[in-house]
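**Q** Protein chains in written order, with full-length UniProt numbering: chain A, 1 to 231; chain B, 1 to 231.
Think of the hints as simulated: they come from the structure by calculation, not from any bench.
Don't take every hint at face value.
Stretch-level coverage of chain A by chain B, calculated; a stretch enters the list once three of its residues show a Cβ under 8 Å from a Cβ in chain B [to be verified]:
no. : stretch
1   : 154 to 160
2   : 198 to 206
3   : 220 to 228
Model, not experiment: these values are computed from the prediction.
Here a beta-carbon is modelled for each residue, glycine too, at the ideal position from N, C-alpha and C.
Number of protein chains: 2
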Amino acid sequence: MTTPPAAPAVEKRDSPAGGKLSRERVLACALEIIDREGIERMSMRRLARALGHDPMSLYRYAPNKAALLDGVAETVLSELMVDSDDPDWKAQLRSVARQFRGIALAHPHVVPLLVTRPLATPLALRPLGTLRPLEATLALLTRAGFSAPDALHVYRALFGLLHGHVLNELQELVDNPDETDDLLRLGLHRLPLGEFPLLRGLASTLLSYDGVAELERGLDILLAGLTTAPP
Amino acid sequence: MTTPPAAPAVEKRDSPAGGKLSRERVLACALEIIDREGIERMSMRRLARALGHDPMSLYRYAPNKAALLDGVAETVLSELMVDSDDPDWKAQLRSVARQFRGIALAHPHVVPLLVTRPLATPLALRPLGTLRPLEATLALLTRAGFSAPDALHVYRALFGLLHGHVLNELQELVDNPDETDDLLRLGLHRLPLGEFPLLRGLASTLLSYDGVAELERGLDILLAGLTTAPP
DNA sequence: TCCAGGATGTCTACGTCGTATGCCTACAGC
DNA sequence: GCTGTAGGCATACGACGTAGACATCCTGGA
Chain A
1 MTTPPAAPAV
11 EKRDSPAGGK
21 LSRERVLACA
31 LEIIDREGIE
41 RMSMRRLARA
51 LGHDPMSLYR
61 YAPNKAALLD
71 GVAETVLSEL
81 MVDSDDPDWK
91 AQLRSVARQF
101 RGIALAHPHV
111 VPLLVTRPLA
121 TPLALRPLGT
131 LRPLEATLAL
141 LTRAGFSAPD
151 ALHVYRALFG
161 LLHGHVLNEL
171 QELVDNPDET
181 DDLLRLGLHR
191 LPLGEFPLLR
201 GLASTLLSYD
211 GVAELERGLD
221 ILLAGLTTAP
231 P
Chain B
1 MTTPPAAPAV
11 EKRDSPAGGK
21 LSRERVLACA
31 LEIIDREGIE
41 RMSMRRLARA
51 LGHDPMSLYR
61 YAPNKAALLD
71 GVAETVLSEL
81 MVDSDDPDWK
91 AQLRSVARQF
101 RGIALAHPHV
111 VPLLVTRPLA
121 TPLALRPLGT
131 LRPLEATLAL
141 LTRAGFSAPD
151 ALHVYRALFG
161 LLHGHVLNEL
171 QELVDNPDET
181 DDLLRLGLHR
191 LPLGEFPLLR
201 GLASTLLSYD
211 GVAELERGLD
221 ILLAGLTTAP
231 P
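Kindly produce the complete structure, drawing on both the sequences and the hints.
**A** Right, here's the structure in full:
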């Protein structure tokens with residue numbers, strides 16, 4: 001109603017034109033926001049603003065916010081490449097582990113999504129992208145002689161280790177946002193001296209965390225355990 | 001506006017009287033809500049309503065919602081008892097692991113908090129309750145002959161394993177909310193047959209997940225690895 | 001006895017969030 | 001041309017976290 005005589009539709013068609021949307025574009029932009037600002041600053045409204053569109057348009061590409069976040073997790077996880085045909089299954093598992101660590105470090109803010117979103121969805125209803133690494137790992141292991149159930153156990157052990165390790169390592173990262181040498185010591189100093197003698201003494205060790213070495217040692221233990229005491 | 005002539009202020013002064021507040025009462029009630037309804041239904045307003053008070057009163061007991069949630073995590077984690085004087089350190093680590101699993105299963109909705117909240121806080125600034133198990137474990141291990149840095153590595157390996165395992169096991173629980181036998185098979189049936197042959201074949205295995213056994217096997221591997229290849 | 005000052009709880013208000021509903025526009029196939 | 005459909009937009013609702021200004025009560029010193 002009330003079509004005004006002049007002052008027509010300038011400035012209307014330019015700023016909102018973030019160009020055509022697509023699920024990929026939406027997910028990529030969401031990932032970018034999460035990487036840059038953290039997960040809780042990623043709101044539908046902010047995402048829409050970043051895309052130059054109305055918030056409501058996002059709902060053409062995901063039924064709700066949770067699903068959209070699942071999509072982001074799926075995108076990130078689908079970078080994981082499992083070669084089911086590798087004859088050296090141990091080496092392949094190590095490769096998967098290193099890739100997973102790399103992905104986690106590249107997108108630290110997504111890790112909570114990676115490890116906890118599955119808690120909200122029954123396995124069989126998860127996005128296919130997140131099930132593919134599972135199937136591929138099962139294939140790898142059955143080809144290496146494991147029974148299917150044993151392969152599942154190994155998969156669980158491996159990803160248990162991975163999730164745990166990555167959570168550990170990211171904690172260290174947060175502890176060391178910059179040259180936190182002094183900061184950390186300062187923080188530790190706050191601890192009651194009588195109650196935390198050991199922790200207070202570990203300042204320098206805490207500062208020199210080596211994620212690669214830590215993961216490799218975990219893998220050594222796991223793979224050794226798998227051969228000496230098969231599942 | 002429009003004060004009705006009769007029907008005055010009944011029902012106003014009785015329900016809000018939740019009695020005196022206290023940090024313990026607030027945290028306990030928050031935990032109850034989380035256990036019952038899940039973490040995202042736990043809002044400051046709902047918590048206040050459950051306590052029969054104004055939302056703002058909660059801010060006398062925690063500077064903000066994140067801190068309150070940290071408090072809940074701390075409460076839950078402080079149930080963990082580490083006996084630093086146990087001469088059998090392996091047995092003690094196993095006990096810690098079993099306790100942790102028990103706690104996680106008792107409060108599944110809190111687990112995301114337990115494993116991811118630390119990501120947001122530098123170690124030295126974490127609530128003391130969450131650092132106490134760490135210090136106690138370090139004490140246990142140094143008494144058993146480990147150097148302090150080695151003890152830290154063992155601690156990390158153990159809790160990495162625990163976090164990973166617990167996340168794994170809870171996924172299985174979600175998969176089996178009831179006698180999901182049919183439900184799971186149905187879900188798996190949805191998977192493209194060509195692409196997920198192994199996963200589809202594992203329905204029965206997925207249904208008979210044994211968390212205790214799975215954790216014990218993980219511990220076997222870890223402890224074996226620790227003695228054959230010390231850190 | 002009274003009064004000052006802290007601890008505790010409440011009310012109101014602001015800006016942000018997720019998303020239901022309904023409308024508009026542009027184009028596809030007939 | 002007409003109609004159906006997909007994509008996008010405007011408006012609106014209820015819930016959220018929390019800042020700031022009060023109110024109430026308890027305590028201990030004068």
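**Q** For every hint, state whether the structure bears it out.
**A** Quick rundown of the hints versus the structure:
1. 154 to 160: Result for this restraint: holds, n = 4.
2. 198 to 206: holds (count 6)
3. 220 to 228: Per the Cβ count (7), the hint holds.
Consistency note: the structure conflicts with none of the earlier hints.
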